[in-house]
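K.L.:
Going down the list, the protein sequences come from chains A and Y.
All letters in the first sequence, in the order written, are residues 1 to 478 by my numbering.
All letters in the second sequence, in the order written, are residues 1 to 447 by my numbering.
Honestly, the hints are just simulated from the structure, not real lab data.
Honestly, I wouldn't trust all of these hints.
As the list claims (entries may be wrong) - Straight-line C-alpha distance at most 27 Å; calculated DSS-like pairs for lysine-lysine: (1) LYS301/Y with LYS333/Y; (2) LYS135/A with LYS295/Y; (3) LYS333/Y with LYS478/A; (4) LYS438/Y with LYS478/A.
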Amino acid sequence: MRRTLPIVAVGAALIAAPGAAQNPFPTTPPTLGAAPSVTPPTPVVRTMANGLKVMYVRMPELPVVSASLVIRGAGTTDDPAELPGLSSFTASMLDEGAAGRTSLQIADQLEMLGASLGTGAAWDAAQVNLYVLRKNFPEALRIFSDVVLRPDFPANEVQRLRDERVTNLMRGRDEPGVIAGNAFQALVFGARHPYGRFATVEATRGLDRARVEAFHRAAYRPSNSTLLLVGDVDPAAMQPQIEQAFGSWRATGTAPAANVGIAEPRIEKTTIFLVDKPGAAQSEIRIGHPGVARNTPDYYALQVLNTILGGSFTSRLNQNLRETHGWSYGAGSGFSMRAAAGPFTARSAVVTAKTDSAVVEFFNELNRIRTEPIPAAELDKAKRYLALGFPQGLETTQAVSGQLSELVTYGIEPAFLQSYVQRVMAVTPEDVRRVANQYVRPGQSVVVVVGDRSVIEAGLRAINVAPVEVRDVGEFVK
Amino acid sequence: MKRLVALLALAAAPAAAQDLSIPHTTFTLPNGLRVIVAEDHSTPVAAVNVWYHVGSGYEKPGRTGFAHLFEHVMFEGSQNVPEGQFDQLLEAAGGSNNGSTNTDRTNYYEVIPSNALPLALWLEADRMGGLLGAMSQQKLDGQRDVVKNERRQRVDNQPYGTLGEVASAALYPEGHPYSWSTIGSMEDLSSASLEDVSGFFRQYYAPNNAVLTVAGDVNAAEVRRLVEQYFTWIPRAAAVERPQIPIPPLAATRYITREDRVTLPQLAVVWRADKRFGADEAPLDVLSAILTGGKSSRLFKRLVYEQQIAQMVNASNDARLLAGDFWVVVRGKPDTDLDVLETAVYEEIQKLAAAPPSADEVRRAVNGIETGFVARLETVENKAEQLNDYLYYTGDAGYVGRDIARYRAVTPAEVQRVARQYLAGRNHLVMSYVPQGKTALAAEENQ
């Protein structure tokens with residue numbers, strides 16, 4: 001049973017001036033009617049004997065099925081410390097041969113069905129995604145289940161993908177954004193924390209068939225997994241097909257110990273880490289520190305806070321660095337919420353000559369949102385942007401599947417979607433002020449700047465925001 | 001209302017393909033503004049999508065990048081919308097918006113909860129009719145800086161980032177608007193003046209050079225009432241001629257080498273091909289998929305999968321209003337001699353010119369394209385964009401049925417024919433991007 005959610009309370013945003021209606025073309029924005037009702041999906045859930053959960057969401061407008069299998073405990077956080085990249089490598093090996101089908105046969109058969117299959121590892125889950133026309137779903141489902149349950153991990157394919165990864169890592173140093181991303185996570189979390197590790201050439205060379213096979217056996221477990229089926233789906237007709245495809249799935253190895261209770265690193269004082277990229281036209285800037293876990297009770301207040309700070313076009317960071325100063329094509333911020341506290345990151349790529357000034361403006365905004373009251377209209381705009389924009393996130397089968405896979409990964413009930421709008425609209429100025437002070441800490445931050453050292457170093461030292469340490473690119477791309 | 005009538009056509013035999021449709025209605029205002037409305041009530045969301053029939057392909061030498069710079073200025077406020085309010089009003093209504101410019105057209109769109117339709121239409125009308133009343137040097141200068149940073153981000157600070165503009169300059173005659181990139185040069189961006197802004201606006205941003213499409217949870221009669229109220233007052237301008245500049249065939253095969261701050265050498269080979277919606281666009285698209293579309297596509301299988309001397313390979317058929325180019329890009333493993341990759345590209349094209357591909361190869365390519373047709377219709381914004389796209393290039397917003405049919409009709413013999421007609425043995429451009437100091441890796445003539 002679906003519940004229709006009235007969001008009338010947040011409608012009628014704009015009030016027209018009296019008399020405007022008489023003009024042929026109004027000189028003030030039109031008055032808007034009440035916002036439309038939105039019906040967030042309520043999945044039909046089946047739990048199979050082996051523990052696999054199946055969630056159906058019917059969106060019958062188009063004859064497609066978007067299928068996602070979410071395997072918790074098989075994500076990047078679950079990589080062994082000495083082998084970062086194992087989870088993602090295992091996921092990428094799934095469709096390189098399965099149940100006797102070769103890599104090329106799997107690819108050919110899926111292409112003949114017009115289907116696309118993607119595999120990968122996020123922080124806290126591995127995911128296998130299939131997009132296919134409804135008429136071809138039964139056939140594609142057989143390949144999908146083979147790939148998850150019966151991968152062969154052929155040695156020659158392991159070697160080929162491993163070599164590809166090594167080459168990709170080597171070219172990482174071409175990309176200022178890759179250097180900045182690796183440096184930021186390494187410097188915020190450190191190598192002892194799973195969020196601080198990144199794949200290296202040396203570790204990647206250590207990936208072999210035995211490690212992949214063992215990780216798959218241990219971490220891919222039906223009781224940890226949920227299959228999302230969104231689109232032109234019918235639980236009654238499809239559940240027997242799903243039973244046939246996934247009913248035989250049994251966990252065989254020992255589940256890996258959950259990576260819980262990792263101590264959050266403490267950053268005592270802010271430091272600017274400068275990584276040289278000679279001749280760079282822009283400097284890549286990342287500023288932040290450990291943020292907050294997905295299960296935080298402050299979730300909604302943080303969404304509103306970040307929308308104001310750097311989560312929308314009219315956000316303070318983007319307005320400041322792009323519109324007011326013209327130093328950047330865009331600036332923003334975000335909280336990466338994971339099973340534990342992922343990073344809070346403010347970021348931009350700025351013109352080399354204004355790197356120091358841009359860092360100063362970042363700190364102005366990070367401090368201002370903590371110290372100055374947020375104007376009521378700005379707060380209201382952010383809440384409306386999130387609440388009234390919510391239906392856009394439910395438009396496509398893949399968008400709905402994406403929303404649900406995040407909830408499933410973090411053990412949050414789908415009812416989350418039913419209350420989202422009210423919870424956002426209930427956020428108060430005090431909530432935002434409090435979370436700004438708690439979760440945005442410019443005084444205990446890592447600042448990474450990847451740019452042309454010969455041009456930017458003196459300026460970064462002169463602004464006296466924080467001490468400057470020069471680091472070698474080889475520390476972060478290796 | 002369903003997103004598509006006759007969706008079952010997708011599951012039926014190719015003969016039924018013409019049944020595929022995006023239901024819509026159209027009308028035209030006295031000032032020449034054409035309007036397309038497609039109702040779709042599956043989500044309470046609507047898209048407003050305006051195409052102005054101008055892109056960098058309409059620019060003049062010395063003002064490269066101007067169409068795109070102008071696109072940025074369009075968001076900075078108009079007669080009744082103070083600077084910054086365009087985005088503020090839309091965000092407060094739960095809407096998102098953007099715009100984009102390519103060689104052929106400039107688009108602007110808002111995606112909004114359906115109650116905010118009047119706001120999106122009003123904002124579009126105010127800037128279509130009243131941009132110049134609010135223009136200033138300061139706004140132009142501000143967006144000039146933003147666009148220069150966009151160029152730095154997309155081109156100057158990107159590995160291989162200059163490939164597109166180096167290719168454009170080599171493929172098209174001097175002075176032809178396809179001979180420069182849409183983002184333009186830093187020098188020309190610096191030269192753009194307020195007079196350029198008003199001249200461009202008066203010439204190209206008139207209702208008779210625009211098409212407004214509304215798709216989603218709307219009522220067609222209500223859309224018409226609002227559009228008539230908001231857009232009728234805007235005066236029409238002189239009709240815009242589409243550029244018609246003769247493009248001579250490439251006189252010779254040309255080799256260009258660039259040293260870049262990159263680890264992997266990269267080869268790009270480009271031929272002249274067919275225009276957008278030209279008779280050979282569909283078989284050329286299928287040909288590109290047969291070369292690099294999947295793991296057993298010919299070039300991927302040979303270079304990436306079997307020989308493992310390439311990190312990535314991608315063929316694409318870039319068909320536009322005035323001309324099309326067929327690209328093959330191969331990124332080698334470290335220190336791979338690009339001559340070896342070049343030879344492999346020619347050999348695979350020669351094979352397709354000598355013998356048609358298998359029926360299965362064509363079928364796999366077409367099936368993927370078909371799924372893409374359906375996937376594009378999942379959002380109201382994509383649907384609106386599609387309707388505008390068909391109207392601009394074919395003159396018929398309802399072209400989707402014929403579009404999918406032309407892909408289903410592609411035969412192996414046709415793929416062979418286009419490989420012969422456009423690629424095998426034809427003059428082309430060979431570009432080598434090599435790590436600094438490693439020009440020996442570049443592809444060379446007569447190897």
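K.L.:
State for each hint whether it applies.
P.N.:
Structure-based check of all given hints:
{"no.": "1", "hint": "LYS301/Y with LYS333/Y", "in the structure": "15 Å, holds"}
{"no.": "2", "hint": "LYS135/A with LYS295/Y", "in the structure": "24 Å, holds"}
{"no.": "3", "hint": "LYS333/Y with LYS478/A", "in the structure": "17 Å, holds"}
{"no.": "4", "hint": "LYS438/Y with LYS478/A", "in the structure": "22 Å, holds"}
Checked against the numbered hints listed earlier, the structure breaks none of them; every hint is satisfied.
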